Amino acid sequence: MSTLNLIIIDGLSFALPLLIIAIGGIYSERSGVVNLALEGLLGFGAFAGGLFVAATAGFFASTSNAPMYISFLVAALGGALFATLHAVLCIKFMANQVISGVVVNIVSVALTGFLTSTINATFFGNPSVKFMLRTSPRWTIPYLSDIPLLGAVFTNFYPFEVIIIAVALFAWYLLYRTRFGMHIRAAGDNPQALESAGINVSRVRFIAVLISGALSGIGGMAFAYSISTNFSPAIYFGSGFLAIAALIVGNWKIIPTFAACMVFGLARSGAYALVLGLNADASVIDLAMIAPYVITLLLLVFFGKSNQAPRALGELYDKSKR
Amino acid sequence: MNAFLSKIKHFFVNVLGDERWQGIAIPVFSILCSLIAISAIILMLGKNPLDAFTSLLAGSGWLPKASYSGGKSMLTDFMGMLDAFTPMLFAALAVTIALRSGLFNIGVSGQMLIAGFAATMLVGYSDLPAIIARPLVLLIGMIAGALAGLLIGWLKHQFNIHEVVSSIMLNNIFAYVISFFIKTRYIDPITRHSKGITAAARLEIAPLQIGDSITAFPIGLPIALLCAIGIWFLLFKTTWGLELTAVGMNAKAAKYTGIKVGRTMMLAMTISGALAGLAGATYYLGFLKSINPGELTAVGFDSIAVSLLGNIHPLGVILSSLLITTMTRGSVYMSSTVGVRQEITSLIIGMVLLFSACGGFIKMWVDRTRQAEEDLSKSADDAGDDTPSPAQIARDPALWNMSGGETL
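Here the protein sequences come in this chain order: P and Z.
Following the working numbering, the numbering of the first sequence begins with -3 at its first residue and continues without gaps.
Following the working numbering, the numbering of the second sequence begins with 31 at its first residue and continues without gaps.
These are computed hints drawn from the structure, not numbers from a lab.
Computed from a predicted structure; not experimentally measured.
Taking lysine-lysine pairs in the DSBU-like style, the calculated list, with each CA pair at most 35 angstroms apart, reads:
{"id": "1", "chain 1": "P", "residue 1": "Lys315", "chain 2": "Z", "residue 2": "Lys37"}
{"id": "2", "chain 1": "P", "residue 1": "Lys315", "chain 2": "Z", "residue 2": "Lys39"}
{"id": "3", "chain 1": "P", "residue 1": "Lys315", "chain 2": "Z", "residue 2": "Lys285"}
{"id": "4", "chain 1": "P", "residue 1": "Lys301", "chain 2": "Z", "residue 2": "Lys285"}
{"id": "5", "chain 1": "Z", "residue 1": "Lys282", "chain 2": "Z", "residue 2": "Lys267"}
{"id": "6", "chain 1": "Z", "residue 1": "Lys77", "chain 2": "Z", "residue 2": "Lys102"}
Please build the complete structure, drawing on both the sequences and the hints.
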């Protein structure tokens, strides 16, 4: 397999989970709720999925892939459940949204760490901080994978990449082509106008934050499968914040955000491949790994000026305001 | 039953409603709520919450332990706690001054790292005498942090890059680049950390014999406390502090009054970076005395929480830093004596923050309820006004979000 193919394969498997988390962020922020909690949401989602896999290990045949597919559903539910915390703090308790996001992250790290070790010690008899998952299968589509260059997209990919693309397409349709999507976008740009059209702004925002939790949970579960094949505190490696950077580079729109995630993923796998290809010392990989971050900063330097955040982003919704 | 409930309600409203004490009463109320919640969890695990809390205090030197090994005492534990407290206070001050100017410095960890690395590399392995090396360590740390802060402020002012994004990118860039240099030049093959620094560069007076116990005094501690007072003076007693707060509350309004918003933000971010740099110097050359390559310290992220708990007030964060450090330092002893898992400490901290994030809501609820009670008892002609006065908003950061302000 050529190096270029490897770069594309690895790049996609990092970019797509990042994309689905970023789309989660877009839902929340387009509805007017700042979401720095993505990191915590994806971690809790992966925790829920990992717990499901660990708890049901005896019910499935050892070769069955069913627990993996169900774990993505559970991760989405877990992420949405935990997002309720952010939604309640921001919408019901009118907490500062940035502060709430930070607090939700801290609580997520603390709670999943505590619960994982407690559950492992109580039910499975070993006080580890990990839930082991099964290795995900990888698929290759015959014929399509033979196309030069583009074939890499259809080679050796994780099943979750298909799930993510399907969910992302649906999320795009929901946000831009349905009445509900318009309500979300209006809630972030002009909530007073939406309210005067008879729509409950708080409710729309609440649902948007829950959706962002569900999508982040899927992304978190995907990272748990692709990076480490387990759930451990290592899931909090900053991908939630990278997703926020991606959605800001993408100007809070899904398609440009997809491009930003791809640039990020390809820069990352490209840097890896470069170090491997040069047969350089292993420590050089540290230097190569700054590539995606530097590129993101440069993209922002060139495109940041024209960025326009949703107009009511971060504002508490006040019905009486004109 | 209803009468009883309304009496309880009345009690809380009275205690929390006094505006002079609200700044303290509401955080204390949040802490109490979280302690109750945590007690419930510890009870469910079948342990005694009171034991857990006293062992937390004993582990950090506030209460005597059952037994001590040779040369150690309550004082050793307490000094150890202060050693960890010093960088936490610096870091929380860094977050505080940035938040006051409406900026969210989530990059304290990265600024700490680059400051610690610069000081370690330039002074830590030199043969300078302590009298020169120690001030130099602090100075280099401060400058390195300030430059990193300035970069973030400049990127925001010049290119409209949100400080949260740029500081997260810089955090990662610093962590990888510094990891590369440590691994290739300064690695200790046994510990896998950076090589040990000279005794002259360490920011502590050690060994210090007091009575029977051998301990160490963190040199950064008095400086950190002075910085807290200095930042308080700067923010609340100088014109520039007023300008900075004005920018933080409403950048547009500040611009129309003639304040140079961009310059103020850049300067605030530079000071914030300088404080983070001091945190880095005291953390990596005082508390840890080495750098673990590739790791960003949790102090930088916890300090955000500490600052919020301290009401984003330079003197308040002294208390909140003390509280959080006490908990984290005491957790090891707690888990060994009571058998509660160590992770529960971070859960306690998370709970405290969760309740204090609702501080604004508690305040609003209290004010509204009190207003309603007053309206009932008084004649109806002086109708209440829920909107806080500008002076009230200026005093209470929990109300800032009501006036709009900076967003992501």
